[in-house]
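Q: Please put together the full structure from these sequences, using the hints given.
One line per chain: the protein sequences are B and C, in this order.
Numbering (my numbering) for the first sequence: 1 to 488.
Numbering (my numbering) for the second sequence: 489 to 955.
Since the hints were derived computationally from the structure, they do not count as laboratory data.
Backbone N, C-alpha and C define an ideal beta-carbon position, used for all residues, glycine too.
Among the hints, a few may not be true.
Non-contacting residues of chain B with respect to chain C, defined by C-beta distances greater than 10 Å in every case (computed) [claimed, not checked]:
id	residue
1	I4
2	H165
3	I277
4	R281
5	D399
In the SDA-like style, the derived pairs of lysine to any residue whose C-alpha atoms are separated by at most 20 Å in a straight line are [what the hints assert, rightly or not]:
id	chain 1	residue 1	chain 2	residue 2
6	C	K504	C	E493
7	B	K168	B	R297
8	C	K820	B	E184
9	B	K91	C	K635
10	C	K954	C	Q902
11	B	K168	B	S47
12	C	K558	C	N538
13	B	K480	C	A717
14	B	K486	C	T721
15	C	K954	B	K38
16	C	K748	C	R811
17	C	K576	B	L128
18	C	K558	B	D67
19	B	K38	C	E836
20	C	K576	B	S119
21	C	K748	C	K635
22	B	K279	C	F955
23	C	K820	B	T141
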Amino acid sequence: MKEIASWALNVATMRGASYADARIVSQRSRALTTKNGKVGSASDAESTGMSVRVLADGAWGFAASEDLSRAGVEATAARAVEIARASAQVKQQDVRLAPEKPVTAEWATPHLIDPFSISVEQNIALLLNIDSELRAVAGITLAESNLNFNREEQWFVSSEGTDLHQTKYSAGAGYAAYAFADNEIQKRSYPNSFGGQWQNKGYELIDELKLVENARRIAEEAVALHKAGQCAEGTFDIILDSSQLGLQIHESIGHPIELDRVLGMEANFAGTSFLTIDKLRALRYGSELVNVVADARQEHGPGLGTFGFDDEGVPAQCTPIITSGLFTGYLSSRETAHTIGEKRSGGTLRAEGWNRLPMIRMTNISLLPGEKPLSLEQLIASTDHGILMQTNRSWSIDDRRYNFQFGCEIGWEIKHGKRVRMVKNPSYSGITTEFWNSLDAICSRDEWTLWGTPNCGKGQPQQVMGTGHGAAPSRFRGIKVGSAYKGS
Amino acid sequence: MLTKEQAADIFDRIRKFSSADETEVLISGGRFALTRFANNTIHQNVEDENHTISVRTVFGGRTARASTNKFDDDSLRRVVESSQALAKVQHPDPDLLPMPDSTEAIGSADRSVRATQPPSRYFEQTAAITPQLRAQGVKKIVDVARKHELTTAGIFSSSESVEGIFNSRGLSDWHTQTQAEVSITMMGADSSGWQKANSPDMTNLDPLNLAEIAAKKALDSAHPAEIPAGKYTVILEPAAVLDIVGFMFWDYSGTALLDKRSFLSGRIGSQLFGENITIWDDVTHPLQTGSPFDGEGMRRLRLPLVKNGVVKRVVYARGTAARMKNSEYIDKVGRIEATGHGFALPNEVGEMPLNIVFAAAQNPQTLAQMIASTERGVLVTRLWYIREVDPYEKIVTGMTRDGTFLVENGQVRQGLRNFRFNQSLIHMLSGVEAMSVPVRSCGEESFDMVVPAMKVRDFNFTEVTKF
Chain B
1 MKEIASWALN
11 VATMRGASYA
21 DARIVSQRSR
31 ALTTKNGKVG
41 SASDAESTGM
51 SVRVLADGAW
61 GFAASEDLSR
71 AGVEATAARA
81 VEIARASAQV
91 KQQDVRLAPE
101 KPVTAEWATP
111 HLIDPFSISV
121 EQNIALLLNI
131 DSELRAVAGI
141 TLAESNLNFN
151 REEQWFVSSE
161 GTDLHQTKYS
171 AGAGYAAYAF
181 ADNEIQKRSY
191 PNSFGGQWQN
201 KGYELIDELK
211 LVENARRIAE
221 EAVALHKAGQ
231 CAEGTFDIIL
241 DSSQLGLQIH
251 ESIGHPIELD
261 RVLGMEANFA
271 GTSFLTIDKL
281 RALRYGSELV
291 NVVADARQEH
301 GPGLGTFGFD
311 DEGVPAQCTP
321 IITSGLFTGY
331 LSSRETAHTI
341 GEKRSGGTLR
351 AEGWNRLPMI
361 RMTNISLLPG
371 EKPLSLEQLI
381 ASTDHGILMQ
391 TNRSWSIDDR
401 RYNFQFGCEI
411 GWEIKHGKRV
421 RMVKNPSYSG
431 ITTEFWNSLD
441 AICSRDEWTL
451 WGTPNCGKGQ
461 PQQVMGTGHG
471 AAPSRFRGIK
481 VGSAYKGS
Chain C
489 MLTKEQAADI
499 FDRIRKFSSA
509 DETEVLISGG
519 RFALTRFANN
529 TIHQNVEDEN
539 HTISVRTVFG
549 GRTARASTNK
559 FDDDSLRRVV
569 ESSQALAKVQ
579 HPDPDLLPMP
589 DSTEAIGSAD
599 RSVRATQPPS
609 RYFEQTAAIT
619 PQLRAQGVKK
629 IVDVARKHEL
639 TTAGIFSSSE
649 SVEGIFNSRG
659 LSDWHTQTQA
669 EVSITMMGAD
679 SSGWQKANSP
689 DMTNLDPLNL
699 AEIAAKKALD
709 SAHPAEIPAG
719 KYTVILEPAA
729 VLDIVGFMFW
739 DYSGTALLDK
749 RSFLSGRIGS
759 QLFGENITIW
769 DDVTHPLQTG
779 SPFDGEGMRR
789 LRLPLVKNGV
799 VKRVVYARGT
809 AARMKNSEYI
819 DKVGRIEATG
829 HGFALPNEVG
839 EMPLNIVFAA
849 AQNPQTLAQM
859 IASTERGVLV
869 TRLWYIREVD
879 PYEKIVTGMT
889 RDGTFLVENG
899 QVRQGLRNFR
909 FNQSLIHMLS
919 GVEAMSVPVR
929 SCGEESFDMV
939 VPAMKVRDFN
949 FTEVTKF
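A: Printed below as a string of structure tokens:
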């Protein structure tokens, strides 16, 4: 593969590229689902190809092809240079890349069990067992479950001499139980909604999730929601479970800190960001308890944003994003690092596959756990009147990442330190920095989970990327609750 | 780009490798190029070519799928083996039908609803767009931005694509299409404007005009005022209409009804929307795009989904129609037949209408007429980040974006800070006071449709954001 990539670099540099890199990527995926006692889908997919990214005349060009023959590779590289020269017709200034020391390395996701070594029969049996548990509860009208496994092998070489070989594994699993009755649809999911929990791990993740053990409870909750009262509208203290908080981090911290958004590069689609550069090391993003990092290193955990090197060959790093409430860092790339006075990229450029351009993506954007021991039950016990919300049901935020609204699958009213009743259709809304400044308690490491968001969309053409978000249940004071159902 | 003859050769080779009872091959792909600009600069510029072969095999009611993008004999043999290995370990599905033959795919007893061949959607001029031509187009857009002292961001893309299906019962069908698309955001210091359009035929696009409209919106919405959230008469431009109504069409599906996850459960045949709402699914409409066959090769029917506010039909894959006929709903869901809207098997979602066409109102109004007749309301250019809040009442939330204006006494007065809405689509489509002539429109939250602008009473804005 390295030889194939070198054909591309040779042609690109011969044709005048001042910089070139080539990525050959081979992806394999397996997706299995069940629905109401039957297999819903069963598919395997493989895709292999190569992309060439070049700078010529100070502008970017990118071309990709499935054709890995020498003629095909050389034509792709020539096309990338031609495209770069077209880009140069409309530029303000030449692209500048932050320096990066060339490196030769191998890296692979640590895993115990290759997920593709587990038989499909075993996987389907697990899903049907979950399905059976869910539908054993009277009132469940739809049960869905899924297992997903991915393997991505990538060879990266650059005209600066970097030579990398990485192999990444990821796994995901989850299920949902729906109950339709009396003109109302209620739903509960486990371990998370919209595909469950995902991590960069092997099959061992599936064993750790205790999927079957929780199925009956989840189904019973879906049915019980029909008898629960509507979540009240008003201003309340709220406690978010770690999965909902993970999505809150994703939307109201992860996206605003993407430097390409800040610089206007995503203005036509994903939007911009309220975090203009003057706010760096000046904005009080959250309360003193809020410490957030962007950490792609393996020592942070097996998140979907964990890797050895990003897709322009920069090693994985940990960047402090919010430090004791103060905004301290962005997600950057070699092209954008200089705009915030950095001499080196933060290492966050990633592409969905071989035929997509790498761009700034969240790595693992995590809220660090509280330092003092605090369990969820202790947090509830210390709350006089509030609402505990669990598992995301809907999410929306404006295109500069100020105003958000989230709905959850289930809520619990807390009075005098105790959960007193289940409530349905809980939702909350707010303004990003006001919300994070209202945080007054974070549970400790025992309650902290590194969640995976497998479906983050960004870019044109849109790319879907997996990101990681560590969080522990936390409490927020004086939050607006219930406007989602007000007058609609 | 792959030709039909090359695809047929690939299918022949796959058949030789397959020992399955039945074999189906889906082929899709093509060449896609996109020039992206921001800050008045081309900052990304990409092109890729790729084709995917997806093989479905069937053994005694057991089926599965595997795909690859490599077409040499070893790769094809391996993808067939993967599909077969997956299929053989499935549980037999008593509802799985034999693959359709070409007669079943094309014919129907009722010719009045049978889809005809759509117009050609492949245009050589679009396929021939070069990076240089896209750059020249972007330069003109940037020139408009500079003229108005604005900053622009957007895309100019072009593509040619194929979609084909072959199966061992003799069915084969093939579709080629081109597409050019322009999307433009113009930004001032505290305001923005947006326009987007696409067409298989690039000569239908007018990037300069789009740039001028987006620029005017940015200029007119400068120094936005804040007015309180609440219920307002809104005038939704076509892109805003398609983005919000798109969230209900997943439910116009037999599978969604059988799964009890559709907001149409118990509502087929009822007056759900205003009498001025009639909606078709029509792949043959001259402003529509896409292939005329579904994931099993069935030709798509032209269907009335809603007539005068009454929900008439939902769409069915072949297997879904058979299941529905054996269900408790047989007399409650209108006409049941395979309509050519199924996704590739196996899947868990069934089918969906993807060629939505709103019928023209009896007395269509222009956007200017809608504004002129509005005492106090809000003009909305586009909507953003729409998500479902309540699946049965079909409440969706989202934001306005890139050009939100106060209308007073029949005139656009000034730009407004953007709103969050929480709006039931049932209530919205029951409160449409006026509509324009439907046009082909595209946004970012839903698929392209032929939709009108709409003037809607009591649209529910619940919060205001900071800009």
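Q: Could you run down the list of hints and mark each one as holding or not?
A: Evaluated hints:
1. I4: holds, 14 Å
2. H165: holds, 20 Å
3. I277: Fine: 14 Å to the nearest Cβ keeps B:I277 off the interface.
4. R281: holds, 22 Å
5. D399: violated, 5 Å
6. C:K504 <-> C:E493: holds, 17 Å
7. B:K168 <-> B:R297: The given pair, whose Cα atoms are some 13 Å apart, holds under the 20 Å limit.
8. C:K820 <-> B:E184: holds, 19 Å
9. B:K91 <-> C:K635: holds, 17 Å
10. C:K954 <-> C:Q902: holds, 16 Å
11. B:K168 <-> B:S47: With Cα atoms ~15 Å apart, B:K168 and B:S47 stay inside 20 Å; holds.
12. C:K558 <-> C:N538: holds, 10 Å
13. B:K480 <-> C:A717: holds, 15 Å
14. B:K486 <-> C:T721: Satisfied, since the Cα-Cα distance of roughly 17 Å is no more than 20 Å.
15. C:K954 <-> B:K38: Violated, because 48 Å separates the two Cα atoms, which is more than 20 Å.
16. C:K748 <-> C:R811: holds, 14 Å
17. C:K576 <-> B:L128: holds, 17 Å
18. C:K558 <-> B:D67: Status holds; Cα separation ~9 Å.
19. B:K38 <-> C:E836: Distance ~9 Å between B:K38 and C:E836 Cα, so the pair holds.
20. C:K576 <-> B:S119: Roughly 12 Å separates the two Cα atoms, so the pair holds.
21. C:K748 <-> C:K635: violated, 55 Å
22. B:K279 <-> C:F955: holds, 17 Å
23. C:K820 <-> B:T141: holds, 18 Å
Going down the numbered hints, you'll see the structure goes against 5, 15, 21, while the others check out.
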